[in-house]
Each structure stands twice: as structure tokens, then as C-alpha cells.
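Novice: Each chain is listed here by its residues.
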Amino acid sequence: MNRETAPLLRVEGLSKHFPVRGGFFRRVTGWLKAVDDVSFQIAHGQTFGLVGESGCGKSTLGRAILRLHEPTAGRVILDGTEITALPRRALTAARRRMQIIFQDPYASLSPRRTVLQTLLEPMEVHRIGTPRTRREKVLELLHIVGMGPEVLHRYPHEFSGGQRQRIGIARALTLDPRFIVADEAVSALDVSVQSQVLNLIARLQRELGISFLFISHDLAVVQHISHQVGVMYLGRLVEIAPAEDLYRDPLHPYTRALLSAIPVPDPKRRRKRIVLQGDVPSPLAPPSGCPFRTRCPEAMPLCAERAPRLTQRHDGRAPHRVACHLY
Amino acid sequence: MSSALLSIRDLVVEFSTERGRVRAIDGVSFDLAPGETLGLVGESGCGKTVTALAVLGLIPSPPGRILSGSIRLEGRELTRLGEREYRHVRGKLISMIFQEPMTALNPVLTIATQMTDVLVRHQGMSRRRARDRAVEMLALVGIPSPEKRIDDYPHQMSGGMRQRVMIAMALSCNPKLLLADEPTTALDVTTQAQVLEEMVRLQERFGTAVILVTHDLGVVAETCRRAVVMYAGRVVEEAPVECLFEQPRHPYTEGLLASIPRIREEKLPELPTIPGSVPDLLHLPPGCRFADRCPRADELCRRREPKLELRCDIAVACHHPNRYAGCRE
Amino acid sequence: MEMLQYALRKLITGIPLILGVTLISFLLMVYFGPDKTYDLIGKNATPEQIAEIRHQLGYDRPFLTRYLEYLKELVTLDFGYSDSTGERVSSILKRTIPISLALVLPGFVLGNLLGIALALAAAWYRGRWLDKLIMGGSVVGMSVSFLIVIIAFQILLSSNYGLGWFPVRGWNVYDFGDYLRYVTVPTLATVFVALGYNTRFYRAVFVEEMGRDHVRTARAFGTPPAELLFKHVLKNALIPIITRIMFSIPFVVISGALLIESYFGIPGVGLVTYDAITTGDQPVLKAVVGLTAALFVLVLILNDILYKVVDPRVSLK
Amino acid sequence: MNRSRERTSLWAKAWYKLRRDRIGMISLGVVLLYFVVALGVWLGLWGQGWSQVEGPMWAPPGPKYWLGTNIIGQDIFERALYSTRTAFDVGLVVAVLSTLLGGLMGGLAGYFSNRWADELILWLMGVLDAIPFYLFVAALAYALQGNPYAMHIAMIATFWTTTARLVRGEVIKLKQFEFVEAARAIGLPRRLILFRHILPNTFHILLVQATIVFVGAIKSEVILSFLGLGVTDGVSWGLMIAESTQEVQAGHFSNFVTASSFLFVLVMAFNLFADALQDALDPRKVSA
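Protein chains in written order, with this note's numbering: chain D, 1 to 327; chain Z, 328 to 656; chain X, 657 to 973; chain U, 974 to 1261.
Hints listed in this document are in silico derivations from the structure and should not be mistaken for laboratory results.
No farther apart than 20 Å at their CA atoms in a straight line, the calculated lysine to aspartate or glutamate pairs in the DMTMM-like style are these: (1) U/986 <-> U/1252; (2) Z/594 <-> D/207; (3) Z/594 <-> D/244; (4) X/887 <-> X/865; (5) X/666 <-> X/960; (6) X/891 <-> Z/478.
For each label pair, taking beta carbons as the anchor points, the in silico distance ranges come out as: (7) X/691 <-> D/20: 52 to 60 Å; (8) U/1176 <-> X/770: 33 to 41 Å; (9) X/853 <-> U/1013: 31 to 39 Å; (10) D/282 <-> X/867: 26 to 34 Å; (11) D/249 <-> Z/343: 54 to 62 Å; (12) U/1024 <-> X/664: 55 to 63 Å.
From chain D, some residues computed to sit far from chain Z (all C-beta separations above 12 Å): (13) 68; (14) 72; (15) 77; (16) 80; (17) 84; (18) 93; (19) 111; (20) 131; (21) 134; (22) 288; (23) 289; (24) 307.
Don't be surprised by glycine CBs; every beta carbon is placed ideally from N, CA and C.
With the hints as constraints, model all of the structure from the sequences given.
Specialist: Written as C-alpha cells, this is what we have:
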């Protein structure tokens, strides 16, 4: 296969189930299916936006891909290497190629280590370069994320949330990864800083050709930087489409509801919105059939019987896939 | 404005911290008409929540205290009320909904206990009457089978449900003013829509005035009639939402509006941003607090702090505001 | 039913704990403990006499057998006879435990109740002078040794150099009046020593609870101070309070009683234990250690069940 | 970011805060003064005449015997000085070793929480907590056949559990933090994650715990010595109080008051210092 057209990351049937214990001897009495049979691909230098509400399993999915959570089933193939099959030592080496940016800028930096220590550590672990080249690399990375050498010897508590997030991004870049998971990377930031960081990530991916899995609960945030967007509900992907298609023509009733629920900052356009009834069901006891049917305005008897599979939309030109019996 | 329900003038709230004294809000003034919905907008640390807590006399003290200024509810000065008198205001004339539905309700008391306590205290109802009223209120905020759910403990409910309970509890004594502090921020988007809708519907029905404290301009656009924008402890702009969104006058409002993530028809090459970050309240610049981040800042801005100036129904604190787009008088 | 099942499960998980405690104390006290052969028959015994007495004492049997015998004693509550007095250990305990309870209980209860009351006051007036006064007093109280308190109180209240109101030592209790006369000074000493620690602990608990969102909500709805303190703060703080009280029970009964009883010459289980320590009376020591471990497990179970009672969120699953 | 803010580690910030705490600094001074006294005894500068029986029985305080003499004519002041050394002997040994042990065990238990290593350590802590302290000391004294360090060992063996529980809780909390996940994501070995990223963030607990254990050890020594289970060679405040109980009944209070006051002032100073330290190190306050 041509390297240009082959995807960088292939996720096939990935599942992460957590055991639930109870009963007399704390036996395993059930499984929480945080991620259930998820498949998608990310092309070289592209960003895949993953959207869903809290508890839908999107963060678990991101961590399972990196094997920060050990997946229960399924395969992850990054750049031809099957990550899920790697033994421990090889996995450590493979971590050079995949990194993660976290949500909470206050919790993601080690509080008693300086910026320099934090940024040198990945290179030390992987024995990259000499002390001198490592230091040069750190300065270069700081420059990329818009910070100067004066921050090298400072501690995380001396920075604002946005600055910490930049340091976290710099750390993820130290190993020149091919792929980065950004887990709610801008959600904890104020609006004015949020767009600074979003622009930074978009620039990095353009200039360095890194592929991103950008996880967020906010469809509006995802739009700006995503090429593909996937929508998750109760551990499953319910819709995947190129960004333009998804926002122009959302198919799954859940995607539509999500889109219409976003408050629009324009007082003249108070639209009628689809307000979903009730709450997300507990992932411990998901509904039969389609997981969304309990809140779906278009639910049919069929939906309770059979879970819809993610299928290519028939009429479409674009690779727009949706898991809904309506299509 | 004598017709105002709530009138805040030059309010200053100070906190003593390890590194020195900080004015969390510094000279905040605005009015609220009966039944009106006002958005109090700004980013974290701008003082919007402190303002709401000050209205209810709930500034944690120590370390905080109201240094000066006045808060009047129907002409009655609240800052001078004793603790005992204030108790008859809280929950009865003014009530408040908080951001975190997970922690705002007492975990070891049932919903029934918490709601009836308020009604018994402020309305002098018998417990039985109070319970009936509480069930009624729960039904109004859209809780299914309220006569059963009322005996639940908070942890048996979802976040959205709890926030509805808070709304029901807050409106149960028919207060004149409801302070809603980021009531939907902790909720998921789809739940957020439900809860907001519920709140607006009830507020209209009861004729309650609302101060909606939020960082989300989208929420303000959809629910409020007027908005007060705060930055670093000060009001920078106050205007009817139509004017504010169509023609923001303060460069901060303008930047904030531009940088809201929104679904766009055309993808922009670069998202608009406000450069820099919010100043440290301990080391404020001498002039305008926004000057460091403002594209229009000049010598004057760095030297002198602009005052909030009112023209027609738009007030702005800026030396170089956007052109005035006309007013609706 | 759910409660019973839970208690049963806890009891089963408590078994390793009891095994551990008994094993360690058996190892230290009996296996590596003092050899009593020569105490019993003197230095000039013949090898046959020595072998005979060692056989009687069980020293020649394997470790495991002896340990299992100890466990059997624990299960049947029959610990044999005291080495020093020859009295049945079970009857010694039966006689002395009630005295210790009567001695220690008033101080324990008062120390906790007063501690909670002072802590509530301090937490309510946090940062004001009353808080500073109470907390200052607590630090002073924490800094005085229990031993010094006992001696000082005895001098001040009981001896001829002080007020001389109460008996100096002993325990001649025949009616309630006697009881009050003998229990007062030990109780005052216990309360004095416990109060500092208790007040500090409880204040920290209350201050944390008062900073919670739901207390702010209660204030935002005009809840008056008494209701706020008792219905919202105290009630929510019950879990740490219960934990502290429950887990101090085994120690108060043994350690607290030991010092007081040995100083005041009160014939409770503490004094018996102290005498057993000094004379190396192994049957008594084995009984005390075993029973304390059992008490500890009981406390663990009771504690968890009480959690369930005070906090609806706690599930026994 | 404001440039005027000093670039400081959390430790430097804590020290800065501690320096501004007047009560904390005064109590630190008192503790150091005691330490100098103990050091002097170690170096043989003073307190060497603690065991000489040369004075008259129960001499009143005066220029020769500053605080009088005891029942057999020993200089009470000398004995009190020497006891300071005994207290620091016990306090330092127990505080340092039990804190190290507690930190290590708590760290391991927390890092491997809900696995067998954790279960084992928890079980051991439960067992040690369930054995009555005085009995444990006595049993250990038997088992070690009069080893003078039996008391120290017993204290270390029982005092580490509190520290370990606190550290375990903190480690479990820290493990959830994203910086630990970040360390895993860059492929840092587990050992380094624990020692480089997790344990350094529990040092504030260890430091405060060490001061608390120090106080606990000194106080326990007094009671154990009184019960005859403690110090066997040398003299300690506890032994002084033990011998004073007979004197007290005869109306001679100097021995009792001296030992009690020496003990009280040191313990009080240490308690106040521990409070100040805790305030200064509280991460919730420091990061604000």
C-alpha cells in the first residue's frame, strides 16, 4: 500500500471493559463497557475529532489506543506497528511515536519539577541526543509553543492555565511523535485562551504533519481543527464523517441533538432546538438494541431489538458512516 | 433608577491572601429591573461569582469582606443587614443556584427534608403543606413522579435532576431575585439545554428577576435581555444583548465574542483570539486593566483607568470604544 | 439481611487480622519470650526435673502445635490459670473488666462530648479570638504528658499537699457515692489529656465540612446557625467522628486503663495486664492480646455498619 | 505572567512562609535550644554528673545544686540536662526511621493499591495497630532479652503505620493526576514514576509526620520508662518522674517539677512547630 494513502492509525474493534465487583467475595458481577467495539482510521497529518458527553468513553478510548489503559479487545495499528501486540519493552520504545496532551493544566505537570526538567525527561528516558542537543531541543520547542528561555527554571505553579497547557504540548512534542491524543486539551481554559491553544495545535499539525485524535465534549471546538469527526455515545461510535459533511448534514439523531443544543451567541437567532428527554442511561445497564433509543425522538420498535451497525451512507459521495436504523 | 429591583453601586470586595490584599471586585455598579434577566459575563477570576455572593451576603469571611459600596434590594440596603436579618432575605427574597449540582445539596438529607426546611422556615407552612408544595415545585421543573423522587437522596439523582431540584428549591418561596451561578456549566450540552429551558420557563411564570452568572456568551444570547461584561474585577461594558452582540463597544467584549467557539459555515484559517492572559489582581497595571491585551491601547490607556460611561442604555469603560451604533430609545 | 450478610463477610475478612495479631504476639511473648523453667524449679534442678517441667510448660512441643492451642484457647475463651496467682484467667477478667469499664467510660464519653462541643464553637468562630483561645488551650493540653497530669491531679485534688478531697489510691467501691469519689480524679485526668487531641481533630473535621458547597447552599437559603451546625455540619461529619471514637475504644480500654490503674492502684484489667507484664504471666497476656484483637475486629465491623446508618451514600456491597 | 514574582520551588515558598510565622519561628528556636543542650551532652560539655551521688538528700535549689537534689543526693539539673539527650536519642531515631519506613511502605501500598502488595501491607498495619502498644513493647523487650533498643524498635514498629496510611492515601490521590499518566505516556519506568514524580509530592506529609512522631516518641518514652519498660541505661525525664512519685508523697516537688517542665516546654515547642510547618507546607495554600 502506498504510504501516502495508507492511514497512520488504524483502530479495529477496540473495546475496554472494566470489571464491576460485588457480592459476597467481591467477585466480578458485571462489566462496564466503557468502549465497545470501536473502529476508525486517522490519515497522515490529519486530525480526528472525537465528540461525546461525559461518561461516553471518549477519554478511555484515547487512553486505550495509547495503552495507558490496557484494551480488552481489538487492535491498534500505528504506522504499520500493531501497538496492541507489543511486549512491554517494545511498547516503551513505541511511546516515542505517540503522545498525549491532557485536560487539566493544573494536574498535568509534575509540581516539584521545573519546566526544563519536565521537558528533558522524555529525551532522557529514550536516550535521545546529548545533554547539549537536548537543551537546544527544549528551547526550540518552547519557541514553537510561544515561550522564551526565561521559563526554563520556573515551576508549574508560577504559570497560568494557558501557559501550562503550552508546556504540556511542548512535552508531548519532545519525542517528535507521529500521533498525539489531545484529551479535552482546551476544555479547562477560558474562552480567550482556548482559541490561542486551538490555533497552536492547528499550526503544529499543519507544520509538523502530526496526526491528532482531538477529544472534546464540544462540537464547536472540534470543528475548527478536525478533518474527520466521530460522535460517541455510551461507548460506541454512532457517526463518523468528514468534518464539513458532519456539520452540514448530520445524520444520527444524537448528533443532530448535540448540534442544536449548542447555545448560539446571536440573540437574533433563537432557534427551535431539539431538546432530548431524560439522561444518559447508566453504562452498567445499557438499553437493549440501539444505546440511544431511550432518548431518541425517532425511536422505532426495531431500535429496541437490534443494535444498528456503523454503515456507509448509501447515497453519499463522502465516506459518511452512521449507526442508525433510519439510514 | 428608583424602579430598580436591585441596585449595586461601587461595590468593592476585598480578600486577604497570603501574598497580600486583593480586590476581587473593584467598583462594580449595575441595576436590575423586576422580572428582568441579566447576564453577568466574564472569564474565570473576573469577579462575577463574588458579585453574586456579595448580593446574598455570603462572601466567606475571613478572608473576604465588602470594603465599600452599596447593594439595595427595593431600596433596602443589604450590606448593613445583620446576620439575623439577612437570613430572612436568603431563600425568601433572593435565592441562589450554584454551579456544582453534585455537591451543592446536602448528601445525607433527602430532597424532601431540604426543600420542606426552606418552606417551613420562610413561609411558615406546616411540614405536610410544605411537602405538598415541594412536590408541586418538583413537578413544575419536570421531575418525573415527583411524589416518589422527593424521598430520594441527592446521590440517587443525575446531575441534571439535581440542578432541577435546586431550581425548584430556589423558586419555592417565590423570591424576587434568583442568582444563578453558572447553573449549566457542569452539565452536558444536551442536559444543559433542558435545564436552561426549564429555568427560563419558570422564571417567566413566577416573574422572578434573574442574574445569570456565566462565562458562556451563547447562554447569555439565548436567555438574557441585558448583559454586564466584567474583566479583572471591573465592569467593562453593559448593554442590551442585541446591541452587545451586534456592535460590542469595548475591545474586550469584541475579542471575547470573536473567540467563542461556534459552528461556522466556512472554516477560518485562524481562530480570532485575545493575546496574552488576564492580569494578576495583585499586580494590576496602573491604567486600563485590559491595556496589555488590547490592540487599541495607547499611552492614555496605560496611564489612566477609564471610567464606566453611560450613553443611552449602553455603558462602556474604555478610552477608545467602538463607534456607537445608535440606540433604541 | 443485607446487614447480617455484610457483618458476616467482614467477620471473615477479620480472621487474617486476628491470626496476624495472635501470631506476632505469640512469637514475641511465648516463643521468643522468657523461659520460665528456672523460675519454677530453681537453679539446681536435675536434667530430668528440667525435662519434666519443660514438658509441663509445653516447651518441647512444635511451634505450630503450641500456636494452635493458643487459638483454641481464644475460641473457647479458656486461657488456663495465671502463672503468678493460680487463679483462672477467665475469672480474673470477669472480675476486672467491669471495674476498668466503670473507671474509663465516664472520661471517654466526657472527653469526646466536650471535645465536639468545643470544636463546634471553634469552627463556628473560626479565626476569631474564641477559636484562637480554644486551639491554644488544645496545644497546651496536647503537650502535657498523661503521666504528669495524673500525678499533678493526684497532688492537687487528693493529697494532703493539695485539696485532699478524694482518696489517693485504691478502689473501695460499694455504692454510687464511693464510685464518684474514686472515679473523679482519674476521669478528670483522662478528660484533660484527651480534650486537646479531640478538640483539634474535631475542629479540623468541622472546618472542612463547613467549607463544603452544601453548607453554603444551606446558608444561601437562610438556615439559622443552630440548624446549620447540627443538621448540616455535625450530621455530615459523623463518619470521621464515629471512626475516631470507635477506633479509640480498644486503646482506651487497655492502654488508658493500664496507666491510670497502675498509678492509682485500681484492680482493673489494666493493672492485671501491667502485673502480668512485669511478672511475665503469659496466660494472662495471651488472653489480653487475643481479646483486644477480637475487640478490634468487632470495632471494625461495627464501624462500617454505623457508616451505613449515618450516610445513605455508603453501600455495604 | 508577572516578572516581579520570584522564581521559587514549592520548598522555597514554604520556607518563606515559615519564616514569617512568628510562633513557628519561636518554637523552632526553642527546639534548637534543646538540641544544643542534647548536643552538649553528647560532646561531654555538660550533664556528665548526672549519676554522681555526692550531694545531700533533697537539697533545696541553690548555687551548688541549681534545682536541688533528689532522694539519693543526685543533682536534679544535671539529670534533667542529660535526659534531654535521652529524649533526642529516642525522638530522632524513632522519628527518622519510622518516617522512612512509613513513607516507603505507604508509597508501595499506594502505588500498588488493590493488589496483593497493598493487601499485605494493609494487613500488617492492621495487625500492628491492633496490638496494645504497651504489651507490644513488653513483648519485644522479652524477645530481645533486655536489648536497650527494644523500646526504640517497638516504637518504630508501631509508629510507622500512621505515616504509611497518610502516604498511601496521598499516593493513591496523586496516581490519578495527569502528570503521572504523562510520565507513563513517555515510557518512564514504574520505579522512576514512583520515586521521581509521586513520592516527592508526599515529602510535606513525611516532614510533618516526623515532627509529630518525634513528640509521640518522647511522650511515650516518659510513660514507658515510668512503667519500667523504657530507658534502662542512663536517665530520662520519665525515670525522673518515676523516682519523684515517692518524693512527691513526702512533699519534695523539685524532681517532678523539673522533669515535667523540661518535657512540657519541648513537647509544646515541637507541637507548635509542627503546626507552623503544616501550614507552611499545605499544598492547597502554597499553590494559591
